[in-house]
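Chains as they are written, first to last, in our numbering: chain B, 1 to 475; chain P, 476 to 699.
Since the hints were made in silico from the structure, they are not lab data. Remember, it's a predicted structure, so these values are computed and weren't measured experimentally. Incorrect hints may appear among the rest.
Stated by the list, open to error - Pairs of lysine-lysine, DSBU-like flavour, derived with a Cα cap of 30 Å:
1) B/Lys-307 - B/Lys-264
2) P/Lys-647 - B/Lys-372
3) B/Lys-250 - B/Lys-230
4) P/Lys-629 - P/Lys-604
5) B/Lys-136 - B/Lys-78
6) B/Lys-264 - P/Lys-542
7) P/Lys-676 - P/Lys-664
8) B/Lys-296 - B/Lys-307
9) P/Lys-543 - P/Lys-503
10) P/Lys-629 - P/Lys-676
11) B/Lys-264 - P/Lys-543
12) P/Lys-664 - B/Lys-372
13) P/Lys-664 - P/Lys-629
14) P/Lys-629 - P/Lys-647
15) P/Lys-505 - P/Lys-542
16) P/Lys-503 - B/Lys-289
17) B/Lys-206 - B/Lys-230
18) P/Lys-505 - B/Lys-289
Spelled out from the first residue to the last, the chains are:
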Amino acid sequence: MSARWSKGRKPGWLARQSLLTRYLLIVLGAFLFIPIIIPLASMLYMLAQLAMYPDTTGEMKYGGASEVESAWHAEAGKMEGLTPEEIDIRIRALADQYPDASLFWVDEEGRTRLELPEGAAGYEQWTADSAIRFMKASINGDPFTVVSFLGKENGSTAFMVLQLPRSELHAASGSASGTPFIVGFIFLMFAFLAAVSLLFFMHIRKRLLALQAAMSLRDDHGLPAPVEEKRQDEIGGLESAFNGMVEQLKVGRLRQTEEEELRKRLISNLSHDLRTPLTVMRGHLYTLKSEPLTDKGKEAVSVLEHKTEGLGGLIDNLLSYTLMTSGRYQLSLEPQDVLRLTRQSAASWYPVWENEGIEADISLPGAPLVWKVDREGFRRVLDNLFQNVVRHAAEGRYIGIRLGHRDGQSILVIEDRGPGLNAGNGHGAGKGAGIGLAIVEYLLREMGLAWQRESLEQGTRILIYESNTSDGAGV
Amino acid sequence: MTATLLYIEDDREIGEFVSGHLEAGGYKVKWLRSGDRALEEAQNCDLVILDVMLPGLDGFTVGQRLKKSLPALPILLLSARTAIDDKLQGLQFADDYVTKPFHPDELTARIEVLLRRFGSIETECLPVKHLLVYERENRIVNRDTGEEIALSGKQFHIFHYLLRHLNQIMTKEQIYEAVWGESYLEGDKTLMVHIRYLREKIERNPAAPEIIETVRGIGYRVRA
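Just chain B, same shape as in the assembly (with noise of 0.2 Å):
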C-alpha cells in the first residue's frame, strides 16, 4: 500500500512517515484485522447474496420457523366453531399452500382425522401417552413440527399438526452455507496482510541494495555518485548522510588538488628562482674563463664550475625528489627494451666520459630484454647512476655496463673502479650521491625492479633486476 502512494510528485503524508511508523500501521492492522474482518466478511456476504439473489423471500417458501409457527397458530385460531368437514376443507386448503408439509388435525375426542398425506398422524386414537411421544418426537426434530390447538385462544382440545422438512424451511437462511466464502475471505485478507508486509521490506531492500550499488560506483574521480532522496524515512536519512558524505570527499579532493597544484608551483618557482642566479653565475664563470687568468685563477674557475653545476643537479634531484614522493610523478610502466635504453643513455653519456677520459666497456647483447618500466624513469635511473660514476668514480677511469644472470635472472650491472662507496667517508662520495640514489631506490621500486649496491675490491658495482619476489609491480 505504501508503495502506491510514492507515485505522486510530493510526497504523501504516508511517505513522511518514518518506517517505523508505518512497519506499526501495518502490525495494526493486522491486530485490527481479526475483529473487524470477521464481521465485515458476513456483512459482505449478505450483501452479495442480496445483490445476487433479491427475491430471496421466493426461496425460502414458507419464511422461518417462527413464522411458520405464528401463521399455523394463528390458522388453528380461525377454526373456531368449525365443523369437522369445514376444518376438513381448510386443512386442504392450507395443504396447498403447503405442498411439501405433512398435515393432520385430531378432534377433541383424541381421533385422528384428515391426514394428508396418509398416515401422517402415525396414531389413530391420540392418548396422553400418544401426544407425549409425539412431542418428545418432534422437539427440535426433523421434520419441523408445529401443533396448535385449534380455536380462539386455542382452547379447544382439538388440535393440529403441520410438520415441514427441516430443510424447507431452512433452505436459504443459513450461515452455514456461507462458510467456505468466510474462510476464503479471511484467508484472502491474511494473504493480502502478508503480501503488504513483503511488499514493505522489499521495498526497503530495494532501496538498500540501490544504495549500496551507489556507494560501490565510482565516478572518474573516483567518488561515488549523490543518490537520489526519494523520501525523508530512515532510509531516506542514510541517503541524505551519504550524499553529505560524497560532497565533503569532493571537497576534500578538490582542497587535495588545489594543494598538490600549489605544491608543484610552489616547486617549480622554486628551482627557477634557485637555477636562474646559478646560470647566471655560470654565463660569468664562462666569460671570466676567456679573460687571461694566472694558473691560480684558472683552476678557482674550474672548481667554481664544477661547484655550480654540481649544484644545479643537487636542486633537480632535491625537487625531483619531493614532486615523486608526493605521488606527483605518474609512472606510466610500459614494455620496454631496457637494453635499448641502456644503450640510448650511454650513447648520451659517452662524450662526456670521453671528456673525463673514462673508458666505457659497454657489451649488451643484441636481443631484446623486456622489462615494465617508466621510459623516463628508466633513463633517470641511469643518468643518476652514470652521473654518479662521473662525479665520484671519475679516477677508476673506467664504466663497465653489461648484462649478467644470476639464479636464471638477467641483471643489468653498472660497474665503475672508482674508490667505492665505502671509502668516501665524509669525503664527496657518500654524501653528494644520497639524493640522486634515494630517486634512484625510488623510480626502481616503483617500477617493480630491485637493485643492489657491492663494494668491489676497486670499485662499485651496481646490479638491476626485476623484483618478482615482494610487491612486485613489474610481474
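Let chain B serve as the given structure and place chain P on it in line with the hints.
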C-alpha cells in the same frame, strides 16, 4: 649562411649573456622578453630557444603554438624547472631540452645538432676528414684523389643520417629504424654489412676506420 635564432627569455642577465654568447658564435639572435609576439618574429628564424618560465604566456603554450603553425622550425627548450617534471610535457613539441644551469658550449652544440637535423644549415661543403661532402648535391668527393665517391641508396642513407647527427653517437637501432623504416630485429646483421661496404668506399683504411667510428656496445658516430 648565418642562422637566425629566436631567443625568448625573460631574465635580463641570462638573456644578455646567452645572446652575446650566441652572437659571438656567429648566429644572428632575436631576443624577446616575452612570448607574446613569438609567432610573428619566428617567421624568418631557423631555430627557437624557448625559456619555459615566462611572464604572460608560459613557454609550453608558446612552444605548442609555434610548433603548430611552423612544424619545420626546431624548438630548443630551456628550462629552470625540474627536469622530470618538464621533460615529458616539453618534449611533446620541443625538439631538444636543456636544463639551467647549462654550459654555454653545450647549448651551442645542441643548437648545431638541431640546425643540422632540420637542414637549416646545409653548408655548401662539409669537410669530414679526407672527404668533402656536398650535402645539397648529394655528392661526396675524396680530397686525396679528387674522385667522386658513388654510394648505393642504403649506404648513402646511412651516411647521410650520421652526418645529420654529426658528433652524436647513434645506436644501431636508431640508424636501422631511420634508414629502413622498420623496427630493428635482434642480431640483425644487415646494418653491419652495409656499414662494412660503406667503409670500404669512404675510408682510407677500412680496417681502421676514421670517419665512421664504432662506439663499442652502442653504435656509430661520425665526427667532423
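These are the hints, each one checked on the structure:
1. B/Lys-307 - B/Lys-264: holds (27 Å)
2. P/Lys-647 - B/Lys-372: Holds, at roughly 22 Å.
3. B/Lys-250 - B/Lys-230: holds (22 Å)
4. P/Lys-629 - P/Lys-604: holds (21 Å)
5. B/Lys-136 - B/Lys-78: Holds, at roughly 27 Å.
6. B/Lys-264 - P/Lys-542: holds (26 Å)
7. P/Lys-676 - P/Lys-664: OK: P/Lys-676 and P/Lys-664 at ~19 Å, within 30 Å.
8. B/Lys-296 - B/Lys-307: Satisfied, since the Cα-Cα distance of roughly 16 Å is no more than 30 Å.
9. P/Lys-543 - P/Lys-503: The given pair, whose Cα atoms are some 24 Å apart, holds under the 30 Å limit.
10. P/Lys-629 - P/Lys-676: Cα-Cα ~13 Å, so holds.
11. B/Lys-264 - P/Lys-543: Since the Cα atoms of B/Lys-264 and P/Lys-543 sit roughly 27 Å apart, the hinted pair holds (cutoff 30 Å).
12. P/Lys-664 - B/Lys-372: holds (27 Å)
13. P/Lys-664 - P/Lys-629: holds (14 Å)
14. P/Lys-629 - P/Lys-647: holds (14 Å)
15. P/Lys-505 - P/Lys-542: holds (18 Å)
16. P/Lys-503 - B/Lys-289: Given pair P/Lys-503, B/Lys-289 holds - Cα atoms ~24 Å apart, limit 30 Å.
17. B/Lys-206 - B/Lys-230: Given pair B/Lys-206, B/Lys-230 holds - Cα atoms ~13 Å apart, limit 30 Å.
18. P/Lys-505 - B/Lys-289: Cα-Cα ~26 Å, so holds.
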